[in-house]
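Engineer: Chains as they are written, first to last, in the working numbering: chain A, 181 to 441; chain B, 7 to 196.
Rather than coming from a laboratory, the hints here were simulated on the basis of the structure.
Given the structure is predicted, the values throughout are model-derived calculations rather than measurements.
Incorrect hints may appear among the rest.
[To be verified] Example chain B residues on the side facing chain A (calculated, C-beta under 7 Å, incomplete):
#	residue
1	D37
2	T87
3	A110
4	E190
By construction, the Cβ of each residue, glycine as well, lies at the ideal position given by its N, Cα and C atoms.
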Amino acid sequence: MQPQPEKYSFDFQKETAEIVAESHDELRIKIGEFAGPLDLLLYLIRQEQADIFDIPIARITDEYLNYIRMMKSLDIAVAADFLVMAAQLIEIKSKMLLPRDPLAEEDEEILDPRQELVDRLLEYEKFKSAAQMLYEKSTVEQAVFARGKIESDEANAEISASVFDLLTVFQKVVARHKDEVKLEIQREEISLAEMIRNLKKRIFEEAELSLLAFFEEMHSHRELVTAFIAVLEIVRTENVKLVQKKTFGDILLKRVETAKT
Amino acid sequence: MSEHATEMAEQTVRTPTELVAVVEAIIFVSDEPVTVKLLAEVLEEDKQAIDAAIEQLSAEYETREGGLQLREVAGGWQIATRTELHEDIRNYLKTRPSAKLSLASLETLAVIAYKQPVTVPEILEIRGVQSASAIKTLLEKRLIVTKGHKETVGRPMLYGTSKEFLLQFGLKDLTELPSIEDFEDLTKGL
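Chain A extracted, bound-state conformation (with noise of 0.2 Å):
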């Protein structure tokens, strides 16, 4: 049967492995992200036309260190794992070199060293397939579409999360802030016009107002020069009068009765 590498490897992930040959017997492969070590020892199997069953095993060992060699932009994890493949491909290797034991019992003697591996790769290669088959599935899924949500009280939006869910968000909330800068600007709210029309209309509805009290409500330095402006304003426009009782005493604005004048 043809061998097609390709097939498991990168058919479906588009993820092709650009395999240049520089020479004859070094390749620089361009890692198209082997899913692992099982995954690469498929495709070096395949790529030397081997057969499963009776892997060359110094051969395949080979390729597969100086693969490892290559492989450089791995993160640790991964490569570890490909690591401890290597091992064991030369623990194998090493295995089948070794004459058989002389003492050994009979159907110890049996035993291929290979076996394991190839049962793993077997075995790892069902699940490959059965990648393939759900990225098939999941493919076709995609080109079904249904419809959207209807607006009820169960699918309200406010109520569907989980306390999982807040969590999150308030973590995320909690970790911006952490790094944020706080920075209040203030802003002035009040206009000179609407501090005459408020003090018109507290002078209108008291009679009489202690220019202290009023300035000492003033929040800021430009709050209170915007009521000290809007005092003399209004005494220059509307019928009010400051008076002063005692020298040095509080300032009274008070309003003059209109029927007087």
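Could you slot chain B onto chain A? The hints should help.
Structural biologist: Relative to chain A, chain B alone:
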């Protein structure tokens, strides 16, 4: 209350045709596949009547050859567009197929789907490679869920597939997955 009472009165006189109609309406309105059980409860009909109605409805959809299909997925029934129309629908919706799972994630998902409930070391044994990031991705996409701890040394977490998995892969239930042994024949022919 009175509304409910009239509903009850209505259902006693519901003809098979009316039942088919109301079943279709409910399936249409639902954003998730509707189970026969739920339909039977809501409509206060027995399951056989619902099954018959769905069968009837399904046949109608088949013969009509319209833009919609009635399909069984994730243990329920759903009205959805026909597969072959996806290009025009995507053009209309201005969507592209969503991001594919990586090879590692797909493999991990395959192992979990067939071996569930399964632990991380068991997945490692089959795949020969760490699957931590793949498992994280699958959990985030809600394709797998935790299924408690295995009562063994270290009490490792067990993982299994979710309902979302059935939905996204268009499966009625897990038994619809081809048997893992079927893939063996494929491998043997190497």
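Engineer: Determine for every hint whether it applies to the structure shown.
Structural biologist: For each hint, the structure was consulted:
Hint status for D37/B relative to chain A: holds, with the closest Cβ pair at about 5 Å, below 7 Å. A hinted interface residue such as T87/B counts as satisfied when its beta carbon comes closer than 7 Å to some beta carbon of chain A; here the least separation is about 4 Å, so the hint holds. Here the hint on A110/B is kept, as its CB sits about 5 Å from the closest CB of chain A, short of 7 Å. Because the beta carbon of E190/B sits about 6 Å from the nearest beta carbon in chain A, less than 7 Å, this interface hint is met.
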